[in-house]
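Construct the complete structure from the given sequences, taking the supplied hints into account.
2 protein chains.
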Amino acid sequence: MFNGLLNQRTTVPQTQVDFEYDGPCMKTSVPGPRSQNVGAINFFCNYEESRGNYLVDVDGNRMLDVYTQISSIPIGYNHPALLKLMSNPNNLSTFVNRPALGILPPETFPDTLTDSLLSVAPSGMTRVQTMACGSCSNENAYKAMFIWYKNKERGHNTPSDEDVSTCMVNQAPGCPDLSIMSFMGAFHGRTLGCLATTHSKAIHKLDVPSFDWPIAPFPRLRYPLEQFTRENAQEEARCLEEVEDLIVKWRQKGKPVAGIVIEPIQAEGGDNHASPNFFRSLRNIARKHGCAFHVDEVQTGGGCTGKFWAHEHWGMDDPADIVSFSKKLLTGGYYHKDELQADKAYRIFNTWMGDPSKNLFLSEVLNVIRRESLLEEVARSGRALLNGLYELQVCIRKRATSFTIIYPSILTGRARGQGTFCAIDVCDDATRTSILLKARNKGILLGGCGERSIRFRPALIFKEYHVHLFLNIFNDILAKHK
Amino acid sequence: MFNGLLNQRTTVPQTQVDFEYDGPCMKTSVPGPRSQNVGAINFFCNYEESRGNYLVDVDGNRMLDVYTQISSIPIGYNHPALLKLMSNPNNLSTFVNRPALGILPPETFPDTLTDSLLSVAPSGMTRVQTMACGSCSNENAYKAMFIWYKNKERGHNTPSDEDVSTCMVNQAPGCPDLSIMSFMGAFHGRTLGCLATTHSKAIHKLDVPSFDWPIAPFPRLRYPLEQFTRENAQEEARCLEEVEDLIVKWRQKGKPVAGIVIEPIQAEGGDNHASPNFFRSLRNIARKHGCAFHVDEVQTGGGCTGKFWAHEHWGMDDPADIVSFSKKLLTGGYYHKDELQADKAYRIFNTWMGDPSKNLFLSEVLNVIRRESLLEEVARSGRALLNGLYELQVCIRKRATSFTIIYPSILTGRARGQGTFCAIDVCDDATRTSILLKARNKGILLGGCGERSIRFRPALIFKEYHVHLFLNIFNDILAKHK
Numbered sequence: 001m002f003n004g005l006l007n008q009r010t011t012v013p014q015t016q017v018d019f020e021y022d023g024p025c026m027k028t029s030v031p032g033p034r035s036q037n038v039g040a041i042n043f044f045c046n047y048e049e050s051r052g053n054y055l056v057d058v059d060g061n062r063m064l065d066v067y068t069q070i071s072s073i074p075i076g077y078n079h080p081a082l083l084k085l086m087s088n089p090n091n092l093s094t095f096v097n098r099p100a101l102g103i104l105p106p107e108t109f110p111d112t113l114t115d116s117l118l119s120v121a122p123s124g125m126t127r128v129q130t131m132a133c134g135s136c137s138n139e140n141a142y143k144a145m146f147i148w149y150k151n152k153e154r155g156h157n158t159p160s161d162e163d164v165s166t167c168m169v170n171q172a173p174g175c176p177d178l179s180i181m182s183f184m185g186a187f188h189g190r191t192l193g194c195l196a197t198t199h200s201k202a203i204h205k206l207d208v209p210s211f212d213w214p215i216a217p218f219p220r221l222r223y224p225l226e227q228f229t230r231e232n233a234q235e236e237a238r239c240l241e242e243v244e245d246l247i248v249k250w251r252q253k254g255k256p257v258a259g260i261v262i263e264p265i266q267a268e269g270g271d272n273h274a275s276p277n278f279f280r281s282l283r284n285i286a287r288k289h290g291c292a293f294h295v296d297e298v299q300t301g302g303g304c305t306g307k308f309w310a311h312e313h314w315g316m317d318d319p320a321d322i323v324s325f326s327k328k329l330l331t332g333g334y335y336h337k338d339e340l341q342a343d344k345a346y347r348i349f350n351t352w353m354g355d356p357s358k359n360l361f362l363s364e365v366l367n368v369i370r371r372e373s374l375l376e377e378v379a380r381s382g383r384a385l386l387n388g389l390y391e392l393q394v395c396i397r398k399r400a401t402s403f404t405i406i407y408p409s410i411l412t413g414r415a416r417g418q419g420t421f422c423a424i425d426v427c428d429d430a431t432r433t434s435i436l437l438k439a440r441n442k443g444i445l446l447g448g449c450g451e452r453s454i455r456f457r458p459a460l461i462f463k464e465y466h467v468h469l470f471l472n473i474f475n476d477i478l479a480k481h482k
Numbered sequence: 001m002f003n004g005l006l007n008q009r010t011t012v013p014q015t016q017v018d019f020e021y022d023g024p025c026m027k028t029s030v031p032g033p034r035s036q037n038v039g040a041i042n043f044f045c046n047y048e049e050s051r052g053n054y055l056v057d058v059d060g061n062r063m064l065d066v067y068t069q070i071s072s073i074p075i076g077y078n079h080p081a082l083l084k085l086m087s088n089p090n091n092l093s094t095f096v097n098r099p100a101l102g103i104l105p106p107e108t109f110p111d112t113l114t115d116s117l118l119s120v121a122p123s124g125m126t127r128v129q130t131m132a133c134g135s136c137s138n139e140n141a142y143k144a145m146f147i148w149y150k151n152k153e154r155g156h157n158t159p160s161d162e163d164v165s166t167c168m169v170n171q172a173p174g175c176p177d178l179s180i181m182s183f184m185g186a187f188h189g190r191t192l193g194c195l196a197t198t199h200s201k202a203i204h205k206l207d208v209p210s211f212d213w214p215i216a217p218f219p220r221l222r223y224p225l226e227q228f229t230r231e232n233a234q235e236e237a238r239c240l241e242e243v244e245d246l247i248v249k250w251r252q253k254g255k256p257v258a259g260i261v262i263e264p265i266q267a268e269g270g271d272n273h274a275s276p277n278f279f280r281s282l283r284n285i286a287r288k289h290g291c292a293f294h295v296d297e298v299q300t301g302g303g304c305t306g307k308f309w310a311h312e313h314w315g316m317d318d319p320a321d322i323v324s325f326s327k328k329l330l331t332g333g334y335y336h337k338d339e340l341q342a343d344k345a346y347r348i349f350n351t352w353m354g355d356p357s358k359n360l361f362l363s364e365v366l367n368v369i370r371r372e373s374l375l376e377e378v379a380r381s382g383r384a385l386l387n388g389l390y391e392l393q394v395c396i397r398k399r400a401t402s403f404t405i406i407y408p409s410i411l412t413g414r415a416r417g418q419g420t421f422c423a424i425d426v427c428d429d430a431t432r433t434s435i436l437l438k439a440r441n442k443g444i445l446l447g448g449c450g451e452r453s454i455r456f457r458p459a460l461i462f463k464e465y466h467v468h469l470f471l472n473i474f475n476d477i478l479a480k481h482k
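Those protein sequence lines, which keep their order, are chains A and B.
According to the numbering used here, the residues represented by the first sequence are 1 to 482, in order.
According to the numbering used here, the residues represented by the second sequence are 1 to 482, in order.
Worth double-checking, as some hints may not be accurate.
Which copy is meant is left open, so a pair is good if it fits within one copy or across any two.
Stated by the list, open to error - EDC-like cross-link-like pairs, simulated, lysine to aspartate or glutamate; straight-line CA separation at most 16 Å:
(1) Lys442 x Asp22
(2) Lys27 x Asp59
(3) Lys201 x Glu162
(4) Lys27 x Glu162
(5) Lys442 x Asp476
(6) Lys201 x Asp161
The hints are simulated quantities; they were obtained by calculation from the structure and are not laboratory data.
All values reported here derive from a predicted model rather than from experimental measurement.
Next up, the structure:
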């Protein structure tokens, strides 16, 4: 039934991941007897035995990992290049002596930054600030935008005595009523500042005090995007209009929008896409109204969309004022334009300010990405994956329409993606849960997002043959689903 | 001139740090020619050559480190036990494969937790949540307190539809108007939630939106504490009264206090101490008013006060509902009582939830602390340090009163400390800056805190002979200060 894909499998050029296993291998259902199931824990892992795209659990089950620790493993488990780095005695000190990077950086740190983060800096940005995780990156990016906005407002003059005294007790004007605009469905982290811009699931936000900040609608597009260009353009225009209205409204409220934060693809919120044109227009609206424009690439960054940054798909020289990252970059942080640099030392600061040992790994990850042309690989695997998902949708639907009604119509025709950053929608949440569990027991690890989406977040070494292996197993699961 | 101390030096039992250098060795002024001086950066370091209590910079200057990366290096640089841990091939995988700890922990993680964090759990606490840094630890601790408070308020019933829908758009009742009480002079981090409870320096807070949360006065005590017990008790009573008034006032305002957060010694805010009795009373007030009690041990924890946790000096079986940590513990996180456990998975969550490689180091640090009885060492070094600081104060004052007026009265008689967590006050900020720079050029690294304090934050392997070495050099600096 999967002829197109099976044919492809023998004709495309294959690149292998030579340090990994040759397929899933299941010994028990998961979680198995040796995994204790507590809270959010899925199961316990044997990271020593995990290789490449395969995660091994404590019961010896070996699963093809299409979720990669919530999209945070760039080049698979136990990559030889990273193990080799660990065996170099010159690197030991970086692991053992974690510095207060903001005041006492290692001699080699500027070079490490040049080799790692700065070598993949987004267009127009030559500055980067490292942080320990994604939330801290966004929190500090927001602070950088607030500081920038207020400095602009006071004409770069010294803050008044009133500013200084009121800020100490959390009051305006020192702690001003500024806001960050975010979008419904967004996820930017869970610390209190970030959480005020996160609107993906109630469980993240319930019971936590927040800020009265504007929330714009994110376009709800129809997929495949190419088939619905006109409807989608209308929907995007509606959202952009609302963005401008909200900026004006919040200015009138006395809570001006200092910055707008957005994901290039809303991930946690359900893999919601928007067109390059939408983002270009939004960037212009931000500029027009004097708001900083912050692109959150914590989940989209690092190559999984087939470009190193998802915003590169927009084709802009000046895509953003701030780009934050974490996950696949192994260290958190944000790039920023010169003018977003805080005017004084210690305004953006904490004890660790990141972790140089993570930059060391990142340098090596970037070497592997370049040496093995992994972005091209991702683009190729991504095409195979998305085509396979399209076929599955049609396949299942065909069955439904040809009255093979013992299989319900499970997939709802919303397959979408960029690179291997793909998703499909399932008819309802219960079916999704059931499919995710069945897939896991067949040796395929997947994750959910949004209300009824399944997200694909493989490592950058997920090749076409992994795609086919996945599609064959997944097809079986769907076919047998009752 | 330092006879008392010099005598001691030859009579006390000496324990050596056998992997370190025998003293400071300065080749240039600091920052030297190879250090670029940008923003907050003090100078660039050669961590490979640093050993024990000695930090070496890129120009080959070797300094006795009494600041230890803002108090975050527990057992000195390049400790052999930590280097050995790195050379164990069984540990490599933990560094190379960072998991999403909340969902896919390594098989060994429960044991690692038992060996590390849980082996030093505060009294009454059997649960710990790891996080990546101090700010994230406090942010999540605050969330845990809000969740606990609201669950209590709604009688542990399911949240209403209105709760669920309003929280998605940052509005009450889903995002309730709850508050965290903090103290003037406090420092709890710089992300937006933490920052609303930080009140140490304007530069941290200026231009960042905040919450209208109550801020109580922290006792301003006179030192040495033993000499001013009556005045200090009065001052503490005044502050405690204000705490209760504020709790009532904020409840009436509709912003009830869900939790009270406090440092056992206000560190960044100027090494402000309070008595065990103050903290015991505060803990009781929190209980009486149904507020959670959160002790922030990010800077005080890990042994530097001569006990593993500073709150142990209060002598309580039930010192807190939450104790947060980071820095010397190498991983962030917080301990909490059972009832502060969030009622559902994913309420307290993020991608990494800490970093198991840091727990691996921590296990070994704790082994070293036990094996070498470092808490007793800290208590002994701390007594020598505080006595030395008392002598210096008197010494300088004597000179001033005996009309040797070419030396001004530099120290203001406020030497204070617990273990090696000590501080002195200098007459003014400019003098402090000058003394810190002079000390650095003589091979002694110190830090400032508050408006005019110098804080001492050596590693736990700072022995009595390091104290004497420091005191001799510091005495010279003060004597020559103009």
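Each hint, compared with the structure:
{"no.": "1", "hint": "Lys442 x Asp22", "verdict": "within (15 Å within a copy, 61 Å between copies)"}
{"no.": "2", "hint": "Lys27 x Asp59", "verdict": "within (7 Å within a copy, 58 Å between copies)"}
{"no.": "3", "hint": "Lys201 x Glu162", "verdict": "between (39 Å within a copy, 14 Å between copies)"}
{"no.": "4", "hint": "Lys27 x Glu162", "verdict": "neither (68 Å within a copy, 46 Å between copies)"}
{"no.": "5", "hint": "Lys442 x Asp476", "verdict": "within (10 Å within a copy, 73 Å between copies)"}
{"no.": "6", "hint": "Lys201 x Asp161", "verdict": "between (42 Å within a copy, 13 Å between copies)"}
When each numbered hint is compared with the structure, a violation occurs for hint 4 only.
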